[in-house]
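Each chain, letter by letter, is given below.
Protein chains: 2
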Amino acid sequence: MTTQELISEIRKKKSFLCIGLDVDLNKIPQHLLTKDDPIFEFNKAIIDATHHLCVAYKPNTAFYEAYGLRGWKALEKTINYLNENHPEIFTIADAKRGDIGNTSSMYAKAFLEDLGFDSVTVAPYMGKDSVEPFLAMKDKHTILLALTSNEGAFDFQTKTVEGKELYKTVLETSKSWKNSENLMYVVGATKAEYLAEIRQIIPESFLLVPGVGAQGGNLQDVCKYGMNAQVGLLINSSRGIIYASNKVDFATVAAQKAFELQQEMQAILER
Amino acid sequence: MTTQELISEIRKKKSFLCIGLDVDLNKIPQHLLTKDDPIFEFNKAIIDATHHLCVAYKPNTAFYEAYGLRGWKALEKTINYLNENHPEIFTIADAKRGDIGNTSSMYAKAFLEDLGFDSVTVAPYMGKDSVEPFLAMKDKHTILLALTSNEGAFDFQTKTVEGKELYKTVLETSKSWKNSENLMYVVGATKAEYLAEIRQIIPESFLLVPGVGAQGGNLQDVCKYGMNAQVGLLINSSRGIIYASNKVDFATVAAQKAFELQQEMQAILER
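Heads up: the sequence lines are chains D and R, in that order. Residue numbers for the first sequence follow the numbering used here, beginning at 57 and rising by one. Residue numbers for the second sequence follow the numbering used here, beginning at 57 and rising by one.
Calculated from the structure, these hints are not laboratory results. Hints are all accurate, no fakes.
Note: identical chains are not told apart, hence a pair may lie in one copy or across any two.
20 Å max Cα-Cα, derived SDA-like pairs, lysine to any residue:
no., residue 1, residue 2
1, Lys-83, Ser-161
2, Lys-83, Lys-165
3, Lys-194, Glu-260
4, Lys-215, Asp-185
5, Lys-215, Thr-229
6, Lys-313, Gln-276
7, Lys-165, Asn-82
8, Lys-165, Leu-125
9, Lys-70, Phe-315
10, Lys-83, Ser-301
11, Lys-215, Trp-233
12, Lys-83, Asn-158
13, Lys-234, Phe-210
14, Lys-68, Gln-322
15, Lys-83, Glu-97
16, Lys-165, Trp-128
17, Lys-231, Phe-210
18, Lys-194, Thr-59
19, Lys-220, Lys-231
20, Lys-165, Asp-80
21, Lys-69, Thr-308
22, Lys-69, Ala-323
23, Lys-231, Glu-207
24, Lys-129, Lys-165
25, Lys-234, Glu-207
Please build the complete structure, drawing on both the sequences and the hints.
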């Protein structure tokens, strides 16, 4: 998917909501556990109920790997279901990968080609040659960790490197990499005030913003400091939507929560 | 496996060799491709031929994920084969994972509990709460990326953070994390001269050293600067051993290459 197609979808749905599909068998409605593939059944129900309210889905691969082969099968079925039924929706493999060049190529092939995701999250620690293999894929997107929403972000990301914070060095350095137009960035909502400075470095890029809701970030602040003329934001919510109810009505309640966020986004877009 | 058990195994075999099981179907002997599971057959043959010469095996998960479900199945079969037949050998899931706390717990469960690896490689960018879930597992080891062997290591890892290089900040900070005695570190062999300074920060820890051979590092230099009283080194070789021949004799040739490295290590240990 091209960036322009993503922007069109945002304008059409008046939403820049991304729903995180972080499926934990201990948290999903218990009646699903009797199904052949409870993980996929849960995802399918969530997707069926919310696809008109969001522009992206983001399965975090850890939740699938935790179930071994069964988990990978559910991940495959989920991305296939999305690509077949909702090809207009942007898909993110939240995998946070990154390795030396030839090995990153393997990851890029796995997530962007074989599984057919539109994008994958990548960690920057190993530098240029660990990221460029992802960037080489046409009409695919690499979402680089810049400033994450967790406590540990302050251990290294905000440390001062040659006069500025490490995450700013990551943002600036990444702009010089080959095919950097395919970059987006993860920027946590718990630090909305950082967004103004981030926008000075990367005014045009899309930001994937986790941490609205469960992790305590505020949608209004994120938009105030982070939105650009092309919207430029994907706001992720996982637990706040998919686990809003763990009863048989879970998909309906998830849709209600997604609708509330979409309405808030629509109001911001129409301001 | 405890660190003491690993050290005993090193002393017994007079080897601190780790063999990287990075299986690429384009590089393995073509006669294996007719088998039901060529990836596992290749690994099994390599393990059968080399297990007396090395103390660790390290499958890089990217190579398995690149083959989807089939790849994960081969990875499962490989670790099961090792745990059943060679429980004395240290196993490393070279996965380079790292995510917010509850998500890192899922990865820790997947690799250390369910698959039963002795250790997993982890990226430090997201800080303390992304690593501690791995460290919490008893008699398991977390191998933190410090200074990698690729070109991109110079993008961020060697940048100066508050007076010293980022990788040194990573080393020092990580020592304060809970259960930090379960930490080992990835330090690339292409920068052997850095090892003396690294040893000043973490004198006792084991270092996993990739990049001897194919990536150009020198075993003698690595040992000169990096070895401690408990040896404290695992030297990884992947391509130089497993792809030394792509004919029917591949396992024999791999064993020969492993033997040459083991002999060089024995000479160093007996100095």
